[in-house]
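Student: Residues per chain are reported as follows:
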Amino acid sequence: MDNTILKIKNLSKIYHDIKGETLAIDNLNLDIKDKEIIAIVGPSGCGKSTLLSILAGLEDKSSGEILFNGKQKLGYMLQTDSLFPWRTILDNCCLGLEINHINTKENRNKVLNLLKKYGLFEFKDKYPNNLSGGMKQRVALIRTLATNPDILLLDEPYSALDYQTRLALSDDLYKIIKQEGKTVILITHDLAEAISLASRIIVLTKRPCQVKKIYNVKLDKQSCPTENRKDSKFNEYYDKIWRDLDVNL
Amino acid sequence: MSTYSLEHVKYLKELKRKKCQIYVTQILIIIIIFLIWELLSRLNIINTFLFSSPSNILKTISSLLNQNHFFNHVWITLYEIILSSLISLLLGFLIATFLWWNSFWRKVFEPFLTILNSLPKVALGPLIIIWVGASINSIIVMSLMISLFITIINLYNYFINTNQNYIILLKSMKATKYQIYKKVILKANLKNIMSTIKINVSMSFIGVIMGELLVSKQGLGYLIMYGSNVFNINLVITSVFVLGLISSILYYLIEFIEKRIN
Ligand SMILES: Nc1ncnc2c1ncn2[C@@H]1O[C@H](COP(=O)(O)OP(=O)(O)O)[C@@H](O)[C@H]1O
Ligand SMILES: [Mg+2]
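Residue numbers (this note's numbering), protein chains in the order written: chain A, 1 to 249; chain B, 1001 to 1262.
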């Protein structure tokens, strides 16, 4: 087997409610390679969050297969930081450890190291309401990393933040992912974020979603996201994907 | 403190002064009301036989204080309130948890709870006496009737309206339902639980007094009933006063615990 870590085969999802049924995902096929960062873009309401929820085991699929290469630990992160206001930053980060009954001294130390490494150590005993939105989202990322997942599922993690914070956090995210060596599936509606972060971009059709196009992002100088935005190829990708999305108002 | 600017120190002082003013005014109002009441009764403008008077109440209190059985009455009432509060909180918690846990039974029981809650429970008084007997038990049952349903409804509404993102997060970490209950539902609703306890205690209070008025041979509710039967208005008003005192002590006690928790 090649370095495919996750194979999605003929995945379909139908939502049922009293008013009728909604086909959200229709026969979607996708292979995800180890340690790659893939960005998923698509029209709003096309089924991106649905796809990620199914991968995270939060929703059942209707049909198809999801095949992991071996046992892969998943880390899921939502748009809202959802830090518990009654827990300190450190205890928030250790939530996953507690849930999985692996809240050992050793693992807590690992979390402390992560906090140290990413500039949050001094806040470890503070409560979330003392932190800015960007900081909170950073804590949420460390909480996701605490259980040492192999694959990160990020559903528009930064879309609730302002533009400058978002830029800073994409650099942050990139650095952290590369250092910790993770596979990442990132949903975003921000094309610039997708192009500057990801090595592959999956463009989805409108609902019911299927894969419309896949871009292997090859910039002249692969670097951190803010630098990538200045790359000569950047705008080229942007225009192409923009046209793929076919946004009509 | 010393690092504050002069303006801030002044601001704090002003804040303290205003708070002080409010307290003083509140106390003054009470004193004035009592003075007027006393004056009117001394001038024979109101009939002390019907309306009593502060000095009569003081006399009644001091004579009651010298009688052991008065404390027995107070104690019985307090005991009933605490007992029925504890029972209804415990049952309320268990049932609300069960209803949160199981949406099928929640939907089954929802209309029943609404109906039971809106039923005027005093109407059940005679039935309770017949079924349970004219004892302390029927006072507890009466009190439970009044406090239990509202406790259940409040609690499970808080439980099911907990921030969904917290729950999704825990589910993504493969948490069990019990972990979600323990780590999110209870913690996120701590404030709501405290306010439910407050409501529960005051409802239990109402229930106990109502029960005592109906059946009992002991307690402050009984003293009120007895006093009005023998036309001892001093006793009635004194008992009402003590009731007010107990309820405010309970209120501040819970408020104090609430503050300690936050
Ligand atoms: N729980 C649900 N029940 C019914 N329909 C849903 C549910 N969740 C999402 N949908 C529908 O499925 C479609 C895809 O939703 P979603 O995956 O959230 O889109 P995206 O994240 O791409 O914006 C939407 O049309 C949405 O209305
Ligand atoms: Mg979405």
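Since the hints were made in silico from the structure, they are not lab data.
Any given hint could be a false lead.
PhoX-like, lysine-lysine: derived pairs with alpha carbons at most 20 Å apart [said to hold, decoys possible]: (1) Lys71(A) <-> Lys1174(B); (2) Lys1187(B) <-> Lys61(A); (3) Lys35(A) <-> Lys175(A); (4) Lys175(A) <-> Lys7(A); (5) Lys1171(B) <-> Lys61(A); (6) Lys126(A) <-> Lys1183(B); (7) Lys73(A) <-> Lys1174(B); (8) Lys1187(B) <-> Lys71(A); (9) Lys126(A) <-> Lys1187(B); (10) Lys1171(B) <-> Lys73(A).
Student: Could you run down the list of hints and mark each one as holding or not?
Tutor: Okay, the hints, checked on the actual structure:
Between Lys71(A) and Lys1174(B) the alpha-carbon distance is near 15 Å, which keeps this suggested pair within the 20 Å criterion. The straight-line distance between the Cα atoms of Lys1187(B) and Lys61(A) is roughly 32 Å, outside the 20 Å bound, and the hint therefore fails. Taking the CA atoms of Lys35(A) and Lys175(A), the gap is about 13 Å. The hint holds against a cut of 20 Å. Between Lys175(A) and Lys7(A) the alpha-carbon distance is near 26 Å, which puts this suggested pair outside the 20 Å criterion.
Between Lys1171(B) and Lys61(A), the direct Cα distance comes to roughly 16 Å. Compliance with the 20 Å bound is thereby established for this hinted pair. Simply put, Lys126(A) and Lys1183(B) have alpha-carbon atoms about 19 Å apart, close enough for the 20 Å limit, and the pair holds. About 11 Å separates the Cα atoms of Lys73(A) and Lys1174(B), which keeps this hinted pair within 20 Å; it holds. For the hint linking Lys1187(B) to Lys71(A), the alpha-carbon distance of about 33 Å lies beyond 20 Å, and the restraint is violated.
For the suggested pair Lys126(A) and Lys1187(B), the alpha carbons sit about 18 Å apart, so the restraint of at most 20 Å is met. A hinted pair counts as satisfied when its Cα atoms are at most 20 Å apart, and Lys1171(B) with Lys73(A) qualifies at roughly 14 Å.
Consistency with the previously given hints fails for numbers 2, 4, 8, ordered from lowest to highest.
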